[in-house]
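Use the sequences and the hints to build the structure in full.
Mind the numbering: the sequence shown is residues 1 to 64 in the working numbering, read in order.
Warning: the hint list may mix true and false statements.
[Said to hold, decoys possible] Below are the DSS-like pairs computed for lysine-lysine, each with C-alpha atoms no more than 30 Å apart in a straight line: (1) Lys45 - Lys7; (2) Lys18 - Lys7; (3) Lys8 - Lys18; (4) Lys18 - Lys45.
If you are wondering where the hints come from, they were derived from the structure by calculation, not from laboratory data.
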Amino acid sequence: SIRVLDKKGNQIVVLGGKEGSREGQFYQPTGIAYDQNGVFAIADKFNDRVQVVRITVDANQPRK
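Structure below.
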């Protein structure tokens, strides 16, 4: 799973949580990149893909 924290170390959101190939699930995430708008690109090694999600602090939910 991937945990996103704020500047104080408080957990904002958890992505994944359980291995799998469905949207929002990962099978060995190995890399991550993000921008100032809260868009994350996550390399998912064994699913051979990059998932792109946007983190919204208000809703506490990842959005595509």
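Hint by hint, here is what the structure shows:
no., hint, verdict
1, Lys45 - Lys7, "holds (28 Å)"
2, Lys18 - Lys7, "holds (26 Å)"
3, Lys8 - Lys18, "holds (26 Å)"
4, Lys18 - Lys45, "holds (15 Å)"
Consistency with the previously given hints is maintained throughout, with no hint failing.
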